[in-house]
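Build out the structure end to end from the sequences listed, making use of the hints.
Chain by chain, the residues:
Number of protein chains: 2
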Amino acid sequence: MLQSNEVEEAIKRILSHKGVVGLVVINHEGIPIKSTMENALSVQYAAQVTQLLDKSRSMIKELDSNNDLTFIRLRTKKHEVLVCPEKDYAMIVIQNPTES
Amino acid sequence: MLQSNEVEEAIKRILSHKGVVGLVVINHEGIPIKSTMENALSVQYAAQVTQLLDKSRSMIKELDSNNDLTFIRLRTKKHEVLVCPEKDYAMIVIQNPTES
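Line order of the protein sequences matches chains L and S. The first sequence: position 12 = 12 (the working numbering), numbered continuously. The second sequence: position 7 = 7 (the working numbering), numbered continuously.
Since the hints were derived computationally from the structure, they do not count as laboratory data. Please note that the accuracy of each hint is not assured.
Where chains are identical, the list cannot tell them apart; a pair therefore holds if satisfied intra-copy or between any two copies.
[What the hints assert, rightly or not] Here are the simulated DSS-like pairs of lysine-lysine, each with C-alpha atoms no more than 27 Å apart in a straight line: (1) 12 - 61; (2) 61 - 78; (3) 12 - 55; (4) 77 - 87; (5) 18 - 61; (6) 55 - 34; (7) 61 - 77.
Fair warning: this is a prediction, and the values are worked out from it, not measured in the lab.
Below is the structure:
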């Protein structure tokens with residue numbers, strides 16, 4: 001199981017980056033276990049990113065069963081959504097690319 | 001409607017990048033209209049990326065109806081899949097990040 005201080009360290013490091021506007025950590029069921037955003041938005045991001053992760057993973061496996069998804073970066077008009085999937089959890093970071 | 005020479009120029013420029021291993025252009029129905037890869041793989045990428053685009057777009061709209069998806073980057077163990085959605089088509093590029 002992942003040590004919580006490892007996650008804390010990672011969160012601190014990420015939040016120190018200029019341009020980071022939000023961060024959510026979700027468990028393997030897609031439930032937010034840590035967030036810098038208010039609850040309703042965290043739950044929304046958690047639900048949407050969980051579906052996106054499922055779709056992306058199945059796409060990669062479909063194309064090559066020996067391959068694996070390691071990172072997602074969605075660029076939008078307003079910001080960037082970064083998703084880092086790990087075994088027990090996934091980290092979601094929202095940042096303004098122009099400031100980062 | 002997009003001028004085909006614009007697409008040709010973009011394709012030539014992308015293919016000149018070191019590390020690019022494949023490129024597929026799909027129309028708004030998800031049908032491959034140009035590809036550097038053999039047909040079966042092009043059709044597979046087209047189908048999978050079309051679903052990924054639909055999911056990503058709906059996710060972004062769900063979170064903020066005034067926002068729009070502009071680019072997707074999926075990093076995998078073996079390579080990177082880049083998806084650039086435009087109005088009438090989408091460009092899919094597969095590249096080896098270590099060589100690019």
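How the hints compare with the structure:
Taking the closest pair of Cα atoms, residue 12 and residue 61 never come within 27 Å of each other, the shortest separation being 33 Å inside a single copy and 29 Å across copies. Taking the closest pair of Cα atoms, residue 61 and residue 78 come within 27 Å of each other only across two copies (12 Å); inside a single copy the shortest separation is 30 Å, beyond that limit. Proximity of residue 12 and residue 55 under a CA criterion of 27 Å is satisfied in neither setting, with 29 Å inside one chain copy and 30 Å between copies. In this assembly of identical chains, the alpha carbons of residue 77 and residue 87 lie at most 27 Å apart only when taken from different copies (15 Å versus 30 Å within one copy).
In this assembly of identical chains, residue 18 and residue 61 lie within 27 Å of each other by CA distance solely across copies; the values are 25 Å between and 34 Å within a copy. Taking the shortest alpha-carbon separations for residue 55 and residue 34, both the intra-copy value of 23 Å and the inter-copy value of 24 Å come in at or below 27 Å. In this assembly of identical chains, residue 61 and residue 77 lie within 27 Å of each other by CA distance solely across copies; the values are 11 Å between and 29 Å within a copy.
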